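**Student:** Protein sequences, first through last, are from chains A and B. When we follow the numbering used here, the leftmost residue of the first sequence carries the number 1, and every step to the right adds one. When we follow the numbering used here, the leftmost residue of the second sequence carries the number 1, and every step to the right adds one.
None of these hints come from the bench; they were simulated from the model. Computed from a predicted structure; not experimentally measured. We treat Cβ as the ideally placed atom computed from N, Cα and C, and that holds for glycine. Check before you lean on any hint, since a few could be wrong.
Okay, the calculated bits of chain B under chain A, using three or more residues with CB under 8 Å as the criterion [to be verified]:
#1 15-29
#2 116-126
#3 132-146
There are 2 protein chains.
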Amino acid sequence: MIKHLLFDIDDTLFPSTEFAELARKNALRAMVEVGINIELHELERTLEKVIKEKNSNYPKHFDEVCRIHKIKKPARYIAAAVAAYHNTKMSILPYPEIPRMLLTLRENGYKLYTATNGNAIKQWDKLIRLGIALYFEDVFVSDEVGEEKSVIFFKDVLKKLKAIPEECVMIGDREDSDIIPAKKIGMYAIRVRRGKYAKGKTCADANVRDFSNILEIIKSLENK
Amino acid sequence: MIKHLLFDIDDTLFPSTEFAELARKNALRAMVEVGINIELHELERTLEKVIKEKNSNYPKHFDEVCRIHKIKKPARYIAAAVAAYHNTKMSILPYPEIPRMLLTLRENGYKLYTATNGNAIKQWDKLIRLGIALYFEDVFVSDEVGEEKSVIFFKDVLKKLKAIPEECVMIGDREDSDIIPAKKIGMYAIRVRRGKYAKGKTCADANVRDFSNILEIIKSLENK
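Using the sequences and the hints given, assemble the complete structure.
**Tutor:** Have a look at this one:
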């Protein structure tokens, strides 16, 4: 009997890729607004290069953009960029059907969790800003296991839940980190066809483009 | 002839003490809202103690509050506290007469700067959030001199401005770090009687409770 539903967060519960791109664009616009003397499209090209070289979690993207353009007193522009970036990141919204879906699942007796890479505070922060923290029992994060989402990670989740695999469904957009390891240890898995990983083959038990029929799909899994 | 006006920021341009207190209170309220099982007034007492022990810039106040109350899974509460804290800090507003005052001073040909302890990005961040960054030529910060606001700090400012002391007015709320060192090297100084340092003796050239007559006061300094 299915009891526990595990959700990925990024591009599963909210359009994280879109928001990240918008946040970066707003940051560069803010640099121009406070007077950096460089065209927006040039800044965009530079930032793209910086993101490719460092990774996307590198915390000093805008410092690096200023350095490349040889800006002598960069503090004003960095401050403007970071403020605009954070303002955008702070106004993230869930996919429209998510809050109602979570409420329905709770009303039907399921326990809800998130399962993500990263650290617990950052994941709770996202759930709080998305306005959906209340629905979740707990967040499972790779930092606590010392292992990104993998078979080992999901085994640890089972242990913490004191559950057997058949009681759990993993729901996420990525075949490699959400679907394959969950299926490998015997959980159910639902692949969300959203964001940049929407396409490709899957070994998931079901595919969804949004969550409008998720309750029926979860109920049908046990009868397969 | 007075050309350059140097402003302190905290409790001079905006009520920083008030906002910091509100931010902390909102953070603790958010912890209660997401379900920490401790009374608000108890959390307040704990936080007060933590702030006294560590200093007010210690970045892990809320982690420490959770540790003291032996919260087993603190990530949810820390995330809620930090989000509420930053949301409050992000909606800072200047004292009501400040934007108009800055515009008037610019129209009268004065060059405006800030002179503060700390680092440049943080100060620009405040000016941007206060909506007044546009009025300022530059920020002078202790981090670049390696010396908190002092005679050495203000000498460095003069050098950067290529100015003589009589061309400068320092405007701030603190006798020790704003007024005394500025006067010592021969600048004019105006003491702002606001916030927790409002009281006490001063060697400033003038005292103000707000900035409504600041233009007349600055003009009168040269005729003293």
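**Student:** Does each hint hold? Answer for all of them.
**Tutor:** Here's how the hints hold up against the structure:
Counting residues of the segment 15-29 of chain B whose C-beta sits closer than 8 Å to any C-beta of chain A gives 0, which falls short of three, so the coverage hint is violated. Taking a C-beta to C-beta cut-off of 8 Å, the segment 116-126 of chain B contributes 7 residues in contact with chain A, enough for the three needed, and the coverage statement holds. Residues of the segment 132-146 of chain B lying with their CB closer than 8 Å to a CB of chain A number 4, which satisfies the three-residue condition for coverage.
Consistency with the previously given hints fails for number 1 only.
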